[in-house]
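There are 2 protein chains.
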Amino acid sequence: MPDKNVLVIGGGVAGLSAAIDLARLGVGVELVEKADALGGHARQFSCKATEKCVRCGACVVEEKLRDALEHSNISVSLNSEIQKLTKSGGRFSAELQKKDGESRTSETDAIILATGFRAFDPENKKPYGYKLFDNVITNLELERMLREKSIVSRPSDQQMPKKIAFVQCVGSRDSKLGNLWCSKICCGSALRMARLIKMRQPETEITFFHIDVQTFGRDFQTFYEAAQNEVRMVRAIPGDVFKTDDDGLKVSCFDNSAQENVDEIFDLLVLSVGITPGRDTKNLSALLNLKTTDTGFFEASQEGIFTAGAALGPMSIAEAVASAGYAACEALNYLDIQKNWELG
Amino acid sequence: MPDKNVLVIGGGVAGLSAAIDLARLGVGVELVEKADALGGHARQFSCKATEKCVRCGACVVEEKLRDALEHSNISVSLNSEIQKLTKSGGRFSAELQKKDGESRTSETDAIILATGFRAFDPENKKPYGYKLFDNVITNLELERMLREKSIVSRPSDQQMPKKIAFVQCVGSRDSKLGNLWCSKICCGSALRMARLIKMRQPETEITFFHIDVQTFGRDFQTFYEAAQNEVRMVRAIPGDVFKTDDDGLKVSCFDNSAQENVDEIFDLLVLSVGITPGRDTKNLSALLNLKTTDTGFFEASQEGIFTAGAALGPMSIAEAVASAGYAACEALNYLDIQKNWELG
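Top line first, the protein sequences correspond to chains D and S.
Take 45 as the starting number for the first sequence in the working numbering and just add one per residue.
Take 45 as the starting number for the second sequence in the working numbering and just add one per residue.
Derived from the structure by calculation, the hints contain no laboratory data.
A portion of the hints provided could be inaccurate.
The list cannot tell twin chains apart, which means a pair is met if one copy fits it or any two copies do.
[Said to hold, decoys possible] Pairs of lysine-lysine, BS3-like flavour, derived with a Cα cap of 30 Å: (1) Lys143 / Lys48; (2) Lys287 / Lys326; (3) Lys142 / Lys335; (4) Lys128 / Lys220; (5) Lys287 / Lys96; (6) Lys228 / Lys242; (7) Lys96 / Lys228; (8) Lys335 / Lys228.
Since we're looking at a predicted model, the values are computed, not measured.
Given the sequences, and given the hints that come with them, work out the whole structure.
Structure (C-alpha cells):
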C-alpha cells in the first residue's frame with residue numbers, strides 16, 4: 045500500500061491526469077467526482093481531425109480515463125462531494141458525502157483541486173433566443189452531436205442545415221455581464237469543428253462571427269489559411285436573433301467592412317459559450333480556505349492544496365494536462381517536505 | 045554544501061526563476077550565461093503601468109535578479125557557453141568555456157535548459173526598411189527607449205513623434221517566411237506601450253496595424269475598451285514603407301473596412317518582431333541530444349534535462365516564471381528518484 049495519499053477533487057481531464065501522474069510515482073489517490081461519470085466536459089468532445097489530426101485533444105480524455113481506471117493506486121468515488129475539511133498534524137481529513145446520503149471520512153496528505161469550469165448559460169444572453177428557438181445550440185451541444193452522430197442536423201427537423209453560423213464570445217469579453225476575460229479556447233474548437241463539418245457536409249455554408257481570432261497551435265497560419273477558404277469570416281458579433289416561419293434564424297448585425305446593418309438567415313446557430321468559474325467555487329473556497337482571483341477562478345496553490353486545470357481559468361486540454369502535471373509535481377515535493385519534517 | 049547540484053543554462057527570466065526555486069529548496073545551482081550580464085531580453089523591458097499596474101511583468105526580472113544574486117546556493121558564470129556534455133552514472137559532466145578561452149568542467153545531477161528566444165530580424169522583411177530608415181525601430185528598441193528615457197523620440201532628430209504606427213506580426217504568422225506560429229505576447233506588450241505613450245505624450249496619434257488582437261489578462265475587456273479610445277486600431281498589415289524627404293515614413297496598406305489601398309505618413313514606425321527559436325538551439329540540441337519541435341523550439345524535457353521559458357515557444361514573463369517553476373519541480377522529483385535508485 046502506498047505510504048502517502050492524495051485526494052483529487054474533480055474527475056475531468058485535469059483531475060484524471062494529476063491522479064495518473066501521482067499514482068505512477070507510488071502515491072495512493074482517491075479521486076472524487078460529484079457527477080455519475082468521470083471525464084468532465086471534455087468527455088463529450090468530438091475528434092476534429094480532417095485530413096490529419098488537428099491536435100484538438102479530445103482523444104486525450106479517453107486515454108486518461110483508461111489509464112486512471114486501470115491503475116491500482118487510484119480509487120474512484122462517483123456521485124460524491126466534500127462536505128467538510130479539517131487539517132491537523134499536516135494531514136487533511138475530508139468528510140465525503142454521496143448523493144444517496146451515505147457519508148464517510150477520508151484521510152489524506154495533500155489535495156489536488158481540479159473542479160473545472162462552468163459553461164456560460166446563454167439563456168443569460170436573451171437576444172440570441174437560446175432555449176426559445178430549437179435551432180440555436182451551444183458549441184458544447186455541437187461537440188456532442190458530432191461525437192454521437194458524426195454529422196450535423198437541425199434539432200427542429202433533423203435536416204442537414206444549409207447555412208450554419210458560429211457566434212463567438214457568448215459570455216466572454218462582455219463588460220455588461222462583467223465577464224471581462226477571453227475564454228481563449230473557443231476560436232480553436234469552433235474553427236476546427238467548422239472545417240470538420242465542411243469536410244463531411246461540403247455543401248454547407250459556414251459563417252464565423254467573431255471579434256479577434258485567438259491563435260492556436262504551432263502551424264496556426266497553415267490551418268487558418270485553409271479555414272478562410274472554407275469558412276466566411278465576419279468580424280462582427282450579432283445583436284439580435286429572430287425566428288423565421290420555417291424555423292430559420294434571422295441574425296442581425298453591424299458589418300464593419302460594409303459599415304451597415306446586415307440581416308441574414310441561417311438554418312443553425314452555434315453559440316460559443318464562455319468558460320466561467322465552476323459552480324462550487326464559492327462553496328469550496330470557503331470550505332478549503334482557498335483564495336479566488338477577482339474573476340472568481342481559484343488561485344494556484346496554498347499549503348497542501350494544489351489547483352489544476354480550468355479551475356484556474358480558461359485553458360485547452362493540452363494546457364489542463366500540463367497544469368495537472370505541475371500540480372502533481374508540487375504535491376510530490378510537498379509530500380517529501382512533509383516527510384522531512386517528520387524525520388527532523 | 046548542498047548535496048545535489050543543477051546546472052541552469054541561460055540567465056534570462058526563466059533561468060533565474062528556476063535557479064531561485066531550486067536554491068530555496070537546498071539544491072546547489074550553477075547558472076551559466078553566455079552574455080556578459082544576467083536578465084536576458086526582459087531586462088530591457090520597461091514598466092508599462094499607466095494609472096495602475098498593467099501586469100506586464102517587467103519588474104519581475106529585477107526581483108529575480110536580486111533574489112538570484114543574493115542566494116548563497118547560486119553561483120553565476122557569465123560569458124560562458126557549454127562546449128561538451130557527457131553523462132555517466134546518472135550525472136552530467138559539462139565542459140564550460142569562457143569567452144576569453146578559459147575552460148573547465150562542471151559536474152551536475154540535472155540540467156535546466158532556459159536558453160530563451162531570438163527576436164526575428166526585421167532586415168529579413170525588406171519592404172519595411174529597417175536599418176535603411178532611421179525612424180523604423182523594433183518593439184524591443186521601443187522598450188529600451190521607454191525604460192531609459194521614459195519618453196519616445198525619433199532616432200533621426202530626437203523630436204517627439206506626432207504620429208506613431210505599430211506594425212504587428214513582423215516575422216510571425218508568415219507563410220512566406222515559414223514562421224507559421226503566432227508570437228502571442230506582442231499584442232499585449234505593444235498595446236500596453238501604446239497606452240503608456242498616450243499617457244506621457246498625449247498629443248501623439250497612435251495607429252495599431254494588426255491581424256487579430258491576442259487577448260491577455262483577466263480584465264482584458266476593460267483594458268481594451270480604454271485602448272480603443274486612445275489608439276486607432278486598423279485591421280491590416282502594411283505592404284510597403286517609403287521614406288519621405290523629412291524622414292517621415294509613408295506606409296501603404298489595404299484597408300479592409302474601406303476596401304481600398306491607403307497611404308499614410310507617420311513619424312515613427314514600431315515593428316513588433318516575432319519570437320523565434322534561440323540562436324544556439326541547433327547546436328545545443330545536438331550537444332544535449334535533445335529533441336526540437338517542427339518549428340525549431342525545444343521539447344519540454346528529456347532524461348534529466350528540463351526546458352523552461354521561451355526556449356519552448358513564445359510566452360509571457362508570467363508564463364516563463366510558471367514554466368520555470370514546473371521545470372524546477374520536475375528536476376527536484378528527478379533528483380529524488382535518482383537518490384532512490386542509488387539507495388535501491
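Lys228 and Lys242: within-copy, between-copy, both or neither at 30 Å Cα: Result: close both inside a copy and across copies, 23 Å intra and 28 Å inter.
Within, between, both or neither, where Lys142 and Lys335 count as close if Cα-Cα is 30 Å or less: within (26 Å within a copy, 47 Å between copies)
Homo-oligomer pair classification [Lys326, Lys287; C-alpha up to 30 Å]: neither (38 Å within a copy, 58 Å between copies)
Homomeric proximity label, Lys128 with Lys220: Cα distance no greater than 30 Å: neither (36 Å within a copy, 59 Å between copies)
Same-copy or cross-copy closeness of Lys287 to Lys96 [CA-CA at most 30 Å]: neither (37 Å within a copy, 46 Å between copies)
Up to 30 Å CA-CA - Lys228 versus Lys335, copy category: Answer is both: 23 Å inside a copy and 28 Å across each meet the 30 Å cutoff.
Alpha-carbon proximity between Lys143 and Lys48, which holds within one copy, between copies, both or neither at 30 Å: within (28 Å within a copy, 49 Å between copies)
Same-copy or cross-copy closeness of Lys96 to Lys228 [CA-CA at most 30 Å]: For Lys96 and Lys228, both the intra-copy (23 Å) and inter-copy (25 Å) Cα distances are at most 30 Å.
Of the hints listed earlier, those the structure fails to meet are numbers 2, 4 and 5, in rising order.
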